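S.K.: Listed below are the residues making up each chain.
There are 2 protein chains.
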Amino acid sequence: MEKLTIIKVGGKIVEEADTLNQLLDNFSALPGYKLLVHGGGRSATKLAAQLGIESQMVNGRRITDAETLKVVTMVYGGLVNKNIVAGLQAKGVNAIGLTGADLNVIRSVKRPVKDVDYGFVGDVEAVNGEMLASLIHQNIVPVMAPLTHDGKGNMLNTNADTIAGETAKALAKLFDVTLVYCFEKKGVLRDADDDDSVIPVITPELFRQYVVEGVIQGGMIPKLENSFSAVEAGVSRVIITLASAINQDAGTVIKK
Amino acid sequence: MEKLTIIKVGGKIVEEADTLNQLLDNFSALPGYKLLVHGGGRSATKLAAQLGIESQMVNGRRITDAETLKVVTMVYGGLVNKNIVAGLQAKGVNAIGLTGADLNVIRSVKRPVKDVDYGFVGDVEAVNGEMLASLIHQNIVPVMAPLTHDGKGNMLNTNADTIAGETAKALAKLFDVTLVYCFEKKGVLRDADDDDSVIPVITPELFRQYVVEGVIQGGMIPKLENSFSAVEAGVSRVIITLASAINQDAGTVIKK
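Respectively, the protein sequence lines represent chains A and B.
One point on numbering: in UniProt numbering, the residue at position 189 of the first sequence is 189, and numbering is uninterrupted.
One point on numbering: in UniProt numbering, the residue at position 183 of the second sequence is 183, and numbering is uninterrupted.
Read the hints as simulated data drawn from the structure, not as lab findings.
Don't take every hint at face value.
No farther apart than 27 Å at their CA atoms in a straight line, the calculated lysine-lysine pairs in the BS3-like style are these [as the list claims (entries may be wrong)]:
#, chain 1, residue 1, chain 2, residue 2
1, B, Lys12, A, Lys152
2, A, Lys152, B, Lys91
3, A, Lys46, B, Lys46
4, A, Lys12, A, Lys223
5, B, Lys223, B, Lys255
6, A, Lys91, B, Lys110
7, B, Lys110, B, Lys46
8, A, Lys12, B, Lys152
9, A, Lys91, B, Lys152
10, A, Lys110, B, Lys255
11, B, Lys186, B, Lys12
If you're wondering where the values come from, they're calculated on a predicted model, not measured in any experiment.
The shape of chain A in the complex, shown without the other chains (with noise of 0.2 Å):
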């Protein structure tokens, strides 16, 4: 099968000019078919504070009430997605921002009301990857931000993670998917205060000895559950490494 890159950045890389430009150059010159998936919490705070509109967060997620969803959808789908889809048209990568709305990529569904309500946030049903694959196979480098919609009419807020993993998934049916989650450190440590004690290969069995050992704790848990379960649906390999080392070997490589 043809190699597909997928990578995914928080909003603090794709916010900041110097960090973004980085970004644009090394995405620019990964080889290949490739998909960028960004954030962009900061600015929507940001924003939203402006409009003296409260950011609540529970567990991480953002409660999504009707006037933050304006905003979310603002700043991922206009202000963030236009500056990096500009960005690398700069560049000469064909670039296309997407929601999941644009050609019904991501339809999801309204999160039900459990503990909490968080609100327009969607969970993932269906990932079009016929559709990404098309694009792809066109040579259109898809930029898709944190937005879904419910297939009524509504967009819906979804987290960016969730849309890099899905999106994955999806098209690991269609492509050799690596799927590189870009993170503040340089992969995954050993040792939570040396920098370089990078972890090069987490196995699942290697992921329970750790686990068992104190060696992964506490959020890295879930992203970790999260890039086996990527695996296990088919994703060739997931790498967890800095937004600034996507063009290197470099990182921790998650794999069966």
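Dock chain B against chain A, hints included.
M.R.: Positioned in the frame of chain A, the structure of chain B alone reads:
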């Protein structure tokens, strides 16, 4: 040649739930290949005001400083565009939201400063008709926001009427194009005080005659000059009509 209908709607129509929903119904019901161009100026002015940015207009055009560019990128490319796209998807239309940066469909140049410095406003240089035609032939419906890019990484604010006109001209090489400018009246009126006095057809000869007679005056003159420019460039016909009448044989037809 195959037929293509290009509909341009102003901000007023797409910014209010009732009129937007009616437009989506009418647009969905249009047979054949189609493309939508939208405005969004009222929402941009509103957001700018909420952020303490004064909206300064000269000759009906928005002076676009760096902060205003962010506002229009958010509002046109994000909020308004994605609401339309999600709304069309709900009605079974496979819409894709585009700015000029996406797929490099419209490249522009920052307007040179003469008497007025319009700021980050783009004058259209090139419309990629082949790329748009490729989407259209895949039964994808482009929904175009009034934003372009300069090919150097910058978004630029561009008038929606201009986007519609230039897109129609570029696609006239590939399709039999009807360009519909939605208007707040039923068409060009013979008597400004009688909403039913629609002039059914205007040719260049009739246009000159109506101007001499004072029947057509003011802002209607440049609007019609633009329409004739599109017709001269190969667009089959330009129609000026109500947004609620795009499926009807109504309004004023501008043709050679």
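S.K.: Are the hints correct? Go through all of them and say.
M.R.: Hints, verified against the model:
1. Only pairs whose Cα atoms come within 27 Å are accepted, and Lys12(B) paired with Lys152(A) is accepted, the gap being roughly 22 Å.
2. Distance restraint check for Lys152(A) and Lys91(B): the Cα-Cα separation of roughly 8 Å lies within the 27 Å cut-off, and the hinted pair is therefore satisfied.
3. Under the criterion of a C-alpha separation no larger than 27 Å, the hint pairing Lys46(A) with Lys46(B) is consistent with the structure, at around 18 Å.
4. Between Lys12(A) and Lys223(A) the alpha-carbon distance is near 18 Å, which keeps this suggested pair within the 27 Å criterion.
5. At roughly 14 Å between alpha-carbon atoms, Lys223(B) and Lys255(B) fall within 27 Å of each other, so this suggested pair holds.
6. With a C-alpha separation of about 19 Å, the suggested pairing of Lys91(A) with Lys110(B) holds against the 27 Å cut-off.
7. For the given pair, Lys110(B) sits about 25 Å from Lys46(B) by alpha-carbon distance, which is consistent with the 27 Å threshold.
8. The straight-line distance between the Cα atoms of Lys12(A) and Lys152(B) is roughly 22 Å, inside the 27 Å bound, and the hint therefore holds.
9. A C-alpha spacing of about 8 Å is found between Lys91(A) and Lys152(B), which places the hinted pair at or below 27 Å, so the restraint holds.
10. This hinted pair does not check out: Lys110(A) and Lys255(B) have alpha carbons roughly 48 Å apart, beyond 27 Å.
11. With a C-alpha separation of about 16 Å, the suggested pair Lys186(B) and Lys12(B) falls inside the 27 Å cut-off, and the hint holds.
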